[in-house]
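So the sequences go chain by chain: A and B.
Note that my numbering has the first sequence beginning at 1, numbered continuously upward.
Note that my numbering has the second sequence beginning at 1001, numbered continuously upward.
Note that these hints are calculated values from the structure, not bench results.
Ideal Cβ positions, reconstructed from N, Cα and C, are used throughout, including at glycine.
Among these hints, one or two may not hold up.
Taking lysine-lysine and the DSS-like style, the derived pairs with C-alpha atoms no more than 25 Å apart in a straight line are [stated by the list, open to error]:
id, chain 1, residue 1, chain 2, residue 2
1, A, Lys5, B, Lys1163
2, B, Lys1238, B, Lys1163
3, B, Lys1263, B, Lys1336
4, B, Lys1378, B, Lys1263
5, B, Lys1213, B, Lys1162
6, A, Lys5, B, Lys1308
Label-pair restraints from in silico Cβ distances [what the hints assert, rightly or not]:
id, chain 1, residue 1, chain 2, residue 2, range
7, B, Arg1231, A, Met1, 35 to 41 Å
8, B, Glu1170, A, Cys20, 21 to 27 Å
9, A, Met1, B, Glu1170, 19 to 25 Å
10, A, Asn9, B, Glu1041, 42 to 48 Å
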Amino acid sequence: MKHIKTMANSCINKGAGTGCGECQASCQSACKTSCTVANQSCQNKGEKVFNPARKNG
Amino acid sequence: MVHTFCVDGRYLALDVDSGTVHMLDELGYEVVSRWEEQSEEEIVSALSSRFPEEEIREVAGEVRALQESGTLFSYDEDLHRAPQETDPGVIKAMCLLVAHDCNLRCRYCFASTGTFHGKRLLMPEEIGRKALDFLVARSGSRRHLEVDFFGGEPMLNFEVVKKLVAYGRELEKKHGKVFRFTITTNAYSLTDEDIDFFNREMSNVVLSVDGRKETHDAMRPTADGQGSWERAMANAKKVVAKRGQKDYYVRGTFTRKSLDFSKDVLALADQGFEQVSVEPVVLSPDSPYSLLPEHLPGILEQYDLLYKEYVRRRADGRWFSFFHFCVDLNGGPCIKKRLSGCGAGVEYVAVTADGEIFPCHQFVGRQGFAMGSVLTGKIDEDLRREFASAHVLNKEKCASCWARLYCTGGCAANAQAFHGDLRKPYEMECEMEKKRLECAIAVQAAEWDGE
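Between the sequences and the hints, there should be enough to build the whole structure, so can you do that?
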């Protein structure tokens, strides 16, 4: 497409097997005063978005 | 619903229900922004003085194709219909207030310099053990359990922290659990042995440093009124130098006295920290340090300034991660997590030094929110249900908000403090969160574009 380029596909994960609750409670990370899950990853998918190992990847 | 926005000349669209993100040119932005309100003919008419009609119709064709593929103006009924009953389920995370005391006297401390508006108190080992027993007993089949050693300053009771970690390891073997321990410390008094213990046992370490020396020292004096930056900074660096690839955060707070907080974020990056979080202070409006609605435009501008420098630094080899500019656009949490949020009072609780249970650390001492005790093992299930039902789909203001699947309806403690209602989010927090999320998406766009 010329005017609209899709950068990231659907990330609203409704698939089977979700909701296991094994992920981190969001407030336990680094905020303690805000509320966001945007930067969290699914425990079952592994990699975290803020992992320094990704910086060169 | 589609949210269109522009950050530093970059046009973007977030399709809310699918989570798809699109990069647009200026014409694409103009058309998509009007699509739900105007017909194609009205859009052509509105834009034809600035763009050729043929191109406007070309964009309309692209919009229709994306609509058909379910990635633009998508609608998912499940994301708009609140469940009738909300089962609070298990408890998996705990904030353990091991010290209601602190060696600093931070002027903005929500816990009243560590006392939580009560007596200075240290958690006895026995109460800590009962808290961990309670967590295991209430965790059902959840394998991963989280415990954050918090205060006050948890290093004032570090011998108990060490004993509780050892006890947690025993419980892991006995019950097939995995404890992820975290410690949140002001880093003022750390020995090499303490640091080695952190790096061996703590899944995450949160180090409280506010950024520039002048910002930090103005807000975080010691009990005898001295600045604490030099020692805290030196110790924080030591922790990180020995931490390898394990998680940590250097976490600051900004206030009315440091409204140019982007400089504090960058100051922490300049000190070599790669995982940085700087959070807005939350205080009642009558505090001289609180953030007020009139400060909001300047705060949002600071995020814009930070965005520009952040993208520049990450591109030129000075990579660092700012907590609120991270977003996982290709995976991220499942929909259950996106709807239920932080889990305060539901799957996450705070336990005071004398064993009382509160929905989270921010609720400690608030009238009507003591919800049980680890000594009796009892917890108020009605209150848990009330928190569980205060999820994003039950919040009127969130229903029309594009950010609802990322912020999950905001902080319950802020909602209660500012509106006396768990279902009415605190507006300042909403505006900041939306801005940060726009920046986070734009960071990914800039880096995606640059590859």
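Report the numbers of all earlier hints that the structure fails to satisfy, in ascending order. 1, 3, 4, 5, 7, 9 and 10
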